[in-house]
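Engineer: If you're matching them up, the sequences are chains V and L in order. Following the working numbering, the numbering of the first sequence begins with 11 at its first residue and continues without gaps. Following the working numbering, the numbering of the second sequence begins with 128 at its first residue and continues without gaps.
You may find that some hints are simply not true.
Facing chain L, a subset of chain V residues (Cβ under 8 Å, in silico) [to be verified]:
#1 Ala49
#2 Ala52
#3 Gln108
It should be emphasised that the hints constitute simulated quantities derived from the structure, not laboratory data. Backbone N, C-alpha and C fix where the C-beta goes; we use that ideal spot for every residue, glycine too.
Here are the chains, one letter per residue:
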Amino acid sequence: GQNIDQPTEMTATEGAIVQINCTYQTSGFNGLFWYQQHAGEAPTFLSYNVLDGLEEKGRFSSFLSRSKGYSYLLLKELQMKDSASYLCAVKGGDSNYQLIWGAGTKLIIKP
Amino acid sequence: DGGITQSPKYLFRKEGQNVTLSCEQNLNHDAMYWYRQDPGQGLRLIYYSQIVNDFQKGDIAEGYSVSREKKESFPLTVTSAQKNPTAFYLCASSMGAGGPQGEQFFGPGTRLTVL
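Given only the sequences and the hints, what does the whole structure look like? Please build it.
Structural biologist: As structure tokens, this is what we get:
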């Protein structure tokens, strides 16, 4: 079957660093996406990984290990506006158009 | 400004009524998608369309119907056959499917409540 696991909720302090993990078991793999979603709003794209390694984009970085079926999103210098849900999605189904989505990790930032 | 619009943001309907949710994009994207989001669950794909006049069922198509008569528009009808229609509905589009072109851009969503 197709499965993506993320922690349900995490709490971190403003100014700190937090790592959100995502593990996946899919029939295929053609890339992994991270999205940010504020409550009641649309998801917005953060990063895309298809090769092993770290992709850095400002305060956000995303890592992928295809052999381990594992990715993480690293957020540095946390700000209150980073309080949101973070969704991991894998392109790994029968159709290259379909993404398999994790349930998301709700990140709570405390002052 | 390019983007995806969904209307209305909130929609209330009585049980047994069909309702159509609109989705329009001016990004010139070929592919469009409809998702349903419920609390504590990942996005679930209802239907997607790779090109005009063509669409495929996703994981939870039962009780829903779509059309793709124009590149810009992909309306979703929630029929009375859908057993639990109350949810947050998201429309998305992408330029293609391969690589970073598979990045999906989302509309603001429609929250449907069936009374």
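Engineer: Now, for every hint given, state plainly whether the structure supports it.
Structural biologist: Going down the list of hints, with the structure as the test:
1. For the restraint placing alanine 49 of chain V at the interface with chain L, the shortest Cβ-Cβ distance is roughly 11 Å, beyond the 8 Å limit, so the hint is violated.
2. Taken as an interface hint, alanine 52 of chain V checks out: its beta carbon lies about 4 Å from the nearest beta carbon of chain L, inside 8 Å.
3. A least Cβ separation of about 6 Å between glutamine 108 of chain V and chain L falls short of the 8 Å threshold, and the interface hint therefore holds.
The structure fails hint 1 only (numbered hints given earlier).
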